[in-house]
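Enquirer: Model the full assembly from the supplied sequences, consistent with the hints where possible.
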Amino acid sequence: MAKILTATCVDGVVKVGDHVITPVVILTQGTESSGGLLIIDEDRATYIATNTTDIVELLSSIQSVLGTIASALTTTVAATGSAPAIAAVAIMVATINGAATSLGTQKVNLK
Amino acid sequence: MKVRCSHGYFFFEEESAGELARFTSRYGFEIVSVDNYWTFEELAEAPRFSLKNLAYLGSPAIETFEGNPWDVMRKNKLVFDFTDFTVKPISTVVLPLKLDAAQYYSFSDGLILPGSVAKDGTRVTDFTAQFNADALKVRYTEVIYG
Chain Y
1 MAKILTATCV DGVVKVGDHV ITPVVILTQG TESSGGLLII DEDRATYIAT NTTDIVELLS
61 SIQSVLGTIA SALTTTVAAT GSAPAIAAVA IMVATINGAA TSLGTQKVNL K
Chain P
1 MKVRCSHGYF FFEEESAGEL ARFTSRYGFE IVSVDNYWTF EELAEAPRFS LKNLAYLGSP
61 AIETFEGNPW DVMRKNKLVF DFTDFTVKPI STVVLPLKLD AAQYYSFSDG LILPGSVAKD
121 GTRVTDFTAQ FNADALKVRY TEVIYG
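Chains as they are written, first to last, in our numbering: chain Y, 1 to 111; chain P, 1 to 146.
These are computed hints drawn from the structure, not numbers from a lab.
Mixed in with the good hints, there may be bad ones.
[Claimed, not checked] List time: in silico DSS-like cross-link candidates among lysine-lysine, alpha-carbon distance up to 30 Å:
#: 1; chain 1: P; residue 1: Lys-88; chain 2: P; residue 2: Lys-2
#: 2; chain 1: P; residue 1: Lys-119; chain 2: P; residue 2: Lys-75
#: 3; chain 1: P; residue 1: Lys-98; chain 2: P; residue 2: Lys-75
#: 4; chain 1: Y; residue 1: Lys-3; chain 2: P; residue 2: Lys-77
#: 5; chain 1: P; residue 1: Lys-119; chain 2: P; residue 2: Lys-2
#: 6; chain 1: P; residue 1: Lys-88; chain 2: P; residue 2: Lys-52
#: 7; chain 1: P; residue 1: Lys-88; chain 2: P; residue 2: Lys-77
#: 8; chain 1: Y; residue 1: Lys-15; chain 2: P; residue 2: Lys-88
#: 9; chain 1: P; residue 1: Lys-137; chain 2: Y; residue 2: Lys-3
#: 10; chain 1: P; residue 1: Lys-119; chain 2: P; residue 2: Lys-77
#: 11; chain 1: P; residue 1: Lys-52; chain 2: Y; residue 2: Lys-3
#: 12; chain 1: P; residue 1: Lys-52; chain 2: P; residue 2: Lys-75
#: 13; chain 1: P; residue 1: Lys-137; chain 2: P; residue 2: Lys-98
#: 14; chain 1: Y; residue 1: Lys-3; chain 2: P; residue 2: Lys-98
#: 15; chain 1: P; residue 1: Lys-88; chain 2: P; residue 2: Lys-75
#: 16; chain 1: Y; residue 1: Lys-15; chain 2: P; residue 2: Lys-77
#: 17; chain 1: P; residue 1: Lys-75; chain 2: Y; residue 2: Lys-15
#: 18; chain 1: P; residue 1: Lys-2; chain 2: P; residue 2: Lys-75
#: 19; chain 1: Y; residue 1: Lys-3; chain 2: Y; residue 2: Lys-15
#: 20; chain 1: Y; residue 1: Lys-15; chain 2: P; residue 2: Lys-52
#: 21; chain 1: P; residue 1: Lys-2; chain 2: P; residue 2: Lys-137
#: 22; chain 1: P; residue 1: Lys-119; chain 2: P; residue 2: Lys-137
#: 23; chain 1: P; residue 1: Lys-98; chain 2: P; residue 2: Lys-88
#: 24; chain 1: P; residue 1: Lys-52; chain 2: P; residue 2: Lys-98
[Claimed, not checked] If we take Cβ atoms under 10 Å as the criterion, some of the chain Y residues that face chain P in the derived model are:
#: 25; residue: Met-1
#: 26; residue: Ala-2
#: 27; residue: Lys-3
#: 28; residue: His-19
#: 29; residue: Ile-21
#: 30; residue: Pro-23
#: 31; residue: Leu-27
#: 32; residue: Ile-39
#: 33; residue: Ile-40
#: 34; residue: Asp-41
#: 35; residue: Glu-42
#: 36; residue: Arg-44
#: 37; residue: Glu-57
[What the hints assert, rightly or not] Pair by pair, the computed Cβ-Cβ distance ranges are:
#: 38; chain 1: P; residue 1: Pro-89; chain 2: Y; residue 2: Glu-32; range: 33 to 41 Å
#: 39; chain 1: P; residue 1: Arg-22; chain 2: Y; residue 2: Thr-50; range: 52 to 60 Å
#: 40; chain 1: P; residue 1: Asp-120; chain 2: Y; residue 2: Val-20; range: 34 to 42 Å
For every residue, glycine included, the Cβ atom is placed at its ideal position computed from N, Cα and C.
Expert: Pasting the structure below:
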């Protein structure tokens, strides 16, 4: 039966407490520091980050972006009483693109 | 009483009432029950994994490994020394092997120390034996060298 230990991974170095584990296969894709699990099965050691915070943060960002879009559209329609003007649409698009860039950055910083 | 050594991890299995008591009395060992066998007290809580460069039962582990304690000891080239009740690298055992040969088995007054060095330079890693409670001798039916 495999042994599971709590571990951390910083700059590609996996530790159990203060003890460096080597060799080890790091399964998760990201590069940010993380906490996770070290699984030892015979002579194979594998590290898996617990990335539930990644998912929560990502969902929060998406939620925030959607809220920004909705708010911008609501404000523009309320102000003009009609479909938004081209200039206003350009501002909205820039806002959406900015949010998308932010999500892209967040994706790179996954654990 | 059956005695097995698997890379320095000992198993004692009583086959007749009183054998274990006579064995421990003869050699002065502290033996405890684990699952369906008995072993040295110092081995009873042996972890089922080792982390490379961290101590395993007081001796440095050379591998990260998970498995039965005897498999962990084998992977890390460790044996239990019942002369001082410590776990140590097999390479540090310097005792020469003393075993008398009979037709179908070998025998000795006591337990072979795992890691004992045979004449050809190989070391005892495993053995299977029978402790004769009446004669107070150990008869070895199988000895493995590595």
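Enquirer: Please go over all the hints and tell whether each is borne out by the structure.
Expert: A quick look at each hint next to the structure:
1. Lys-88(P) to Lys-2(P): 24 Å, holds
2. Lys-119(P) to Lys-75(P): 24 Å, holds
3. Lys-98(P) to Lys-75(P): 26 Å, holds
4. Lys-3(Y) to Lys-77(P): 20 Å, holds
5. Lys-119(P) to Lys-2(P): 26 Å, holds
6. Lys-88(P) to Lys-52(P): Judged against 30 Å, a Cα distance of about 15 Å means the pair holds.
7. Lys-88(P) to Lys-77(P): 8 Å, holds
8. Lys-15(Y) to Lys-88(P): 25 Å, holds
9. Lys-137(P) to Lys-3(Y): 40 Å, violated
10. Lys-119(P) to Lys-77(P): Given that 30 Å is the threshold and the Cα spacing comes to 20 Å, the pair holds.
11. Lys-52(P) to Lys-3(Y): Measuring from Cα to Cα gives roughly 14 Å; hence the hint holds.
12. Lys-52(P) to Lys-75(P): 11 Å, holds
13. Lys-137(P) to Lys-98(P): 13 Å, holds
14. Lys-3(Y) to Lys-98(P): Between Lys-3(Y) and Lys-98(P) the Cα gap is close to 39 Å, so the pair fails against 30 Å, i.e. violated.
15. Lys-88(P) to Lys-75(P): Within the cut-off at roughly 13 Å; holds.
16. Lys-15(Y) to Lys-77(P): Distance ~24 Å between Lys-15(Y) and Lys-77(P) Cα, so the pair holds.
17. Lys-75(P) to Lys-15(Y): At roughly 21 Å apart (the allowed maximum being 30 Å), Lys-15(Y) and Lys-75(P) satisfy the hint.
18. Lys-2(P) to Lys-75(P): 25 Å, holds
19. Lys-3(Y) to Lys-15(Y): 15 Å, holds
20. Lys-15(Y) to Lys-52(P): Measuring from Cα to Cα gives roughly 12 Å; hence the hint holds.
21. Lys-2(P) to Lys-137(P): Cα-Cα ~12 Å, so holds.
22. Lys-119(P) to Lys-137(P): Given that 30 Å is the threshold and the Cα spacing comes to 23 Å, the pair holds.
23. Lys-98(P) to Lys-88(P): 20 Å, holds
24. Lys-52(P) to Lys-98(P): Violated. Lys-52(P) to Lys-98(P) sits at ~34 Å, over the 30 Å cutoff.
25. Met-1: 8 Å, holds
26. Ala-2: Holds. Min distance 6 Å.
27. Lys-3: Holds - the Cβ of Lys-3(Y) comes within 10 Å of chain P, reaching about 4 Å at its closest.
28. His-19: For His-19(Y), the interface hint holds, since the closest Cβ of chain P sits about 5 Å away, which is under 10 Å.
29. Ile-21: 6 Å, holds
30. Pro-23: 8 Å, holds
31. Leu-27: 16 Å, violated
32. Ile-39: 9 Å, holds
33. Ile-40: Given a least distance of 4 Å, the restraint on Ile-40(Y) holds.
34. Asp-41: 6 Å, holds
35. Glu-42: Since chain P brings a Cβ to about 6 Å from Glu-42(Y), closer than 10 Å, the hint holds.
36. Arg-44: Hint holds; Arg-44(Y) Cβ to chain P Cβ min 8 Å, cut 10 Å.
37. Glu-57: 32 Å, violated
38. Pro-89(P) to Glu-32(Y): 33 to 41 Å: 40 Å, holds
39. Arg-22(P) to Thr-50(Y): 52 to 60 Å: Cβ of Arg-22(P) to Cβ of Thr-50(Y): about 54 Å, so the range 52 to 60 Å holds.
40. Asp-120(P) to Val-20(Y): 34 to 42 Å: Cβ of Asp-120(P) to Cβ of Val-20(Y): about 39 Å, so the range 34 to 42 Å holds.
Going down the numbered hints, you'll see the structure goes against 9, 14, 24, 31 and 37, while the others check out.
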